[in-house]
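Undergrad: Chain by chain, the residues run as shown.
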Amino acid sequence: MSPPVLMDALGPRGRRRAAAASVVTVAAVAGLVALALIRFADHGQLDAERWRAVLRWPALRQLLEGLVITLEAAAVSMALATVVGVVMAAGRLAPARPVRWAAGVYVELFRAIPILVLIIAAFLVLPTYGLELSPFWSLVLALTAYNGAVLGEIFRAGVLSLERGQIEAARAVGLTGRQTAVAVVVPQAARRMAPAIVSQLVTLLKDTSLGTAIGMQELLSRGRQLGSGTGSLLQALILVAAMYVVVNLTLSQLARRLEVRQRRRYGAGRIAITGGPEDLVLVDAEAESRLR
Amino acid sequence: MSVVLDNLDVYLRGLLVTVELTLLSYAIAFAIGAVVAAFRVSPVPPLRALGTVYVGLVRNTPLAVLFILFFFGFPKLGLTYSPFLSALVVLSVYTGAFMTETIRAGINTVAGGQADAARAVGLTSVQTMGLVVLPQALRSVVPPLGNLFIALAKNTSIASLISVAELVHRSDQLVTDTAQPLAVLAGVAVAYLILTLPSGLLFGALERRVAVRR
Amino acid sequence: MAGRRVVWAVALALVAAVAAAGCGGGGSSAATPDSLREKGKLVVATKFDQPLFGQRNPSTGAIEGFDVEIAKIIARKLFGNDITGKIEFVETPSKIRETAIENGRVDLVVATYTINDTRKEQVAFAGPYYVAGQDIMVRKDENDIKSVTDLNGRKVCSVQGSTSIDNVREQAPRADLSTSFDLYSLCAEALGDKRVDAVTTDNTILVGLIQQSGGAYKLVGKTFTTEPYGIGMKKDANDLRTFVNDTLEEAYANGEWKRAFESTVGKAGIPTPTPPPVDRY
Numbered sequence: 000m001s002p003p004v005l006m007d008a009l010g011p012r013g014r015r016r017a018a019a020a021s022v023v024t025v026a027a028v029a030g031l032v033a034l035a036l037i038r039f040a041d042h043g044q045l046d047a048e049r050w051r052a053v054l055r056w057p058a059l060r061q062l063l064e065g066l067v068i069t070l071e072a073a074a075v076s077m078a079l080a081t082v083v084g085v086v087m088a089a090g091r092l093a094p095a096r097p098v099r100w101a102a103g104v105y106v107e108l109f110r111a112i113p114i115l116v117l118i119i120a121a122f123l124v125l126p127t128y129g130l131e132l133s134p135f136w137s138l139v140l141a142l143t144a145y146n147g148a149v150l151g152e153i154f155r156a157g158v159l160s161l162e163r164g165q166i167e168a169a170r171a172v173g174l175t176g177r178q179t180a181v182a183v184v185v186p187q188a189a190r191r192m193a194p195a196i197v198s199q200l201v202t203l204l205k206d207t208s209l210g211t212a213i214g215m216q217e218l219l220s221r222g223r224q225l226g227s228g229t230g231s232l233l234q235a236l237i238l239v240a241a242m243y244v245v246v247n248l249t250l251s252q253l254a255r256r257l258e259v260r261q262r263r264r265y266g267a268g269r270i271a272i273t274g275g276p277e278d279l280v281l282v283d284a285e286a287e288s289r290l291r
Numbered sequence: 000m001s002v003v004l005d006n007l008d009v010y011l012r013g014l015l016v017t018v019e020l021t022l023l024s025y026a027i028a029f030a031i032g033a034v035v036a037a038f039r040v041s042p043v044p045p046l047r048a049l050g051t052v053y054v055g056l057v058r059n060t061p062l063a064v065l066f067i068l069f070f071f072g073f074p075k076l077g078l079t080y081s082p083f084l085s086a087l088v089v090l091s092v093y094t095g096a097f098m099t100e101t102i103r104a105g106i107n108t109v110a111g112g113q114a115d116a117a118r119a120v121g122l123t124s125v126q127t128m129g130l131v132v133l134p135q136a137l138r139s140v141v142p143p144l145g146n147l148f149i150a151l152a153k154n155t156s157i158a159s160l161i162s163v164a165e166l167v168h169r170s171d172q173l174v175t176d177t178a179q180p181l182a183v184l185a186g187v188a189v190a191y192l193i194l195t196l197p198s199g200l201l202f203g204a205l206e207r208r209v210a211v212r213r
Numbered sequence: 000m001a002g003r004r005v006v007w008a009v010a011l012a013l014v015a016a017v018a019a020a021g022c023g024g025g026g027s028s029a030a031t032p033d034s035l036r037e038k039g040k041l042v043v044a045t046k047f048d049q050p051l052f053g054q055r056n057p058s059t060g061a062i063e064g065f066d067v068e069i070a071k072i073i074a075r076k077l078f079g080n081d082i083t084g085k086i087e088f089v090e091t092p093s094k095i096r097e098t099a100i101e102n103g104r105v106d107l108v109v110a111t112y113t114i115n116d117t118r119k120e121q122v123a124f125a126g127p128y129y130v131a132g133q134d135i136m137v138r139k140d141e142n143d144i145k146s147v148t149d150l151n152g153r154k155v156c157s158v159q160g161s162t163s164i165d166n167v168r169e170q171a172p173r174a175d176l177s178t179s180f181d182l183y184s185l186c187a188e189a190l191g192d193k194r195v196d197a198v199t200t201d202n203t204i205l206v207g208l209i210q211q212s213g214g215a216y217k218l219v220g221k222t223f224t225t226e227p228y229g230i231g232m233k234k235d236a237n238d239l240r241t242f243v244n245d246t247l248e249e250a251y252a253n254g255e256w257k258r259a260f261e262s263t264v265g266k267a268g269i270p271t272p273t274p275p276p277v278d279r280y
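Chains as they are written, first to last, in numbering that gives the first Met the number 0: chain A, 0 to 291; chain B, 0 to 213; chain C, 0 to 280.
Next comes chain A alone, as it looks inside the complex:
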């Protein structure tokens, strides 16, 4: 990790202090880890048998099957949400006021309601109108509706982040509106949005775990069942958490690599979303002012 650029290099006294603080921090962390391990051991949670119960092959297979379902749900939802997102972004940038308005209502509505409520609604409400969906498809539908709204905003920000000159120049050399969009706007916007989109995929993948509330047999449900069935609930849940972290860290690394690459190539004007809608940070002030 690169050292912080906020302050000048430390002087001799500062270096001594930093070294002392380092030692104290390492000691404190080591102490806490040791305490945690002792706690685990005292309550018999380090017993090999408890861990073997969830790491044995047939048991582990239950979790991996759940992981596959989780990944499937995430992939399908992301694909569908991308389509919805493109439609919504186009709608919000459309010249016709009613179209802008309709897309705006969609985006604001689905971003304002908790995703868990959307999932339960897809599962409980739609059937009363004759639309019968399995837990899997109820979850996919809710995730698509929500992420379509979020991706729509990302796409819109991506398009708006382009310097106006780009479009003016394209028109000046005689490109039509469609040619400008295809040859100039989309390729540049797509590169700027790539990291934000991958980050949103992480958020979406995490949200698939809410399928457990409607009895979907994804990773978290399998972990709960395996844990209660074997008396190794803590171990099963830790394993489940570890699986999510590994998958998501892989995706996050990808996002970071994309971001670094595109920043190096194309300079400022990026849209940085550091981990989903929770912290949508529009670093480019100009793009942001155009967003409102």
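There's no promise every hint is true.
Just a sample of chain A residues kept apart from chain B, beta carbon distances all over 10 Å, derived [what the hints assert, rightly or not]:
id: 1; residue: R60
id: 2; residue: V82
id: 3; residue: R96
id: 4; residue: G129
id: 5; residue: G173
Derived DMTMM-like pairs: lysine to aspartate or glutamate, alpha-carbon spacing no greater than 20 Å straight-line [said to hold, decoys possible]:
id: 6; chain 1: C; residue 1: K119; chain 2: B; residue 2: D176
id: 7; chain 1: C; residue 1: K193; chain 2: A; residue 2: D41
id: 8; chain 1: C; residue 1: K234; chain 2: B; residue 2: D176
Simulated from the structure, these hints should not be mistaken for laboratory data.
Just so it is clear, CB atoms sit at the ideal spot from N, CA and C, and this is done for glycine as well.
Dock chains B and C against chain A, hints included.
TA: Using the frame of chain A, we list chains B and C on its own:
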């Protein structure tokens, strides 16, 4: 409609718990975020690493997993807390990781000369961070801080998994009692809007007040 | 502020949705034995976390239990002895059993599903195929809870959307019933973690949880309700209901029912009872 009106007290009590949970966890998460963000830009490598590990682990674990792990897993270690307290801890720790990244992004927008100047007039690094850098950093990240608040308000719904009597948990019972899921859940959605709309406006006003014009 | 007017429009639209919600729509038409044979598949709602009745075997992944066996008896009667791929089990939490039937997501519910008058207004029941009773499960060292009235002032866990909560509310009005989860297994965890003092639901379910706990819990052993388990289906599925009732009576007579019981619930040491008479209401 009548389902919602007849059970208005149920909704109000649920909304109250949701609001309490949101405000308290936001305050704690903010404190966590400010401290860990300072860690992450500090000249002490182990502190930076600690911040990185915390953010990396928490942000990449689903909130539902954290809830179930803390509520049903931790008692196996002798750590048993009430549903509300468990939800408070989990939401604070989870939101704290996002808060860290948001505040760090704000710190990165503070001009380097600010810190240099503070050091030059004799402030220590902790004073520089607390008195000069952080206050300026926060002004530039008001919109994402507002997004975080709204995201947190929505995330409290997941506490229904561990029997916290907030909006969604109470609506579960209402759906069972009335067999009218659409009306009950539309009422829930309205309740969340009642919470998130004014907060959006509030953060918007705050932003206009403190915005740094550069 | 971005789109403030839009936001208020959203709020208005939602209020309108609440207002419109009074008038719900209907589901698809009721299944008959013939339509099921034509479809070639029976979709059954069951529990996946209920030891002895419907539970996923952690090592094989198969769903096992008495409810599962009963569903298989019906499937064999429909499709003949080879039912591979012709029966599908869908995990169905208590609170959505009626919805699952009404919208046709499942053909039958065989999921420790108590027959009662409220539910009869929404769905039709074949059976009963077993009669359970509500009982109380406590930790092994608990000596103060001897009957349902002792639950006053104690923390009791049950599952969201089940009738168990209402029964306790009637007989022990001062019991603290604020703890409820989506699965019974989580109530058992909460009991073990001393979050609650008792778990209450049908004795058969509790016996399964006790067996799974390795003896950490015990049954109070005083049932205070009668819970006839029925097989739920669409309210107007008269042909299917007659068919399932006939199938049950046949299974009573030819020993299939007894074998199903002994290979599942019986393994927990519960003696095989006389099968309850089918109620063709």
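Undergrad: If a hint holds in the structure, say so; if it doesn't, say that too.
TA: Hints and how they fare:
1. R60: The claim holds: R60(A) sits with its nearest Cβ about 20 Å from chain B, beyond 10 Å.
2. V82: holds (24 Å)
3. R96: At roughly 23 Å from the nearest Cβ of chain B, R96(A) sits farther out than 10 Å, so the non-interface label holds.
4. G129: holds (13 Å)
5. G173: At roughly 38 Å from the nearest Cβ of chain B, G173(A) sits farther out than 10 Å, so the non-interface label holds.
6. K119(C) to D176(B): Judged against 20 Å, a Cα distance of about 15 Å means the pair holds.
7. K193(C) to D41(A): holds (18 Å)
8. K234(C) to D176(B): holds (19 Å)
Every hint from the earlier list agrees with this structure, and none is contradicted.
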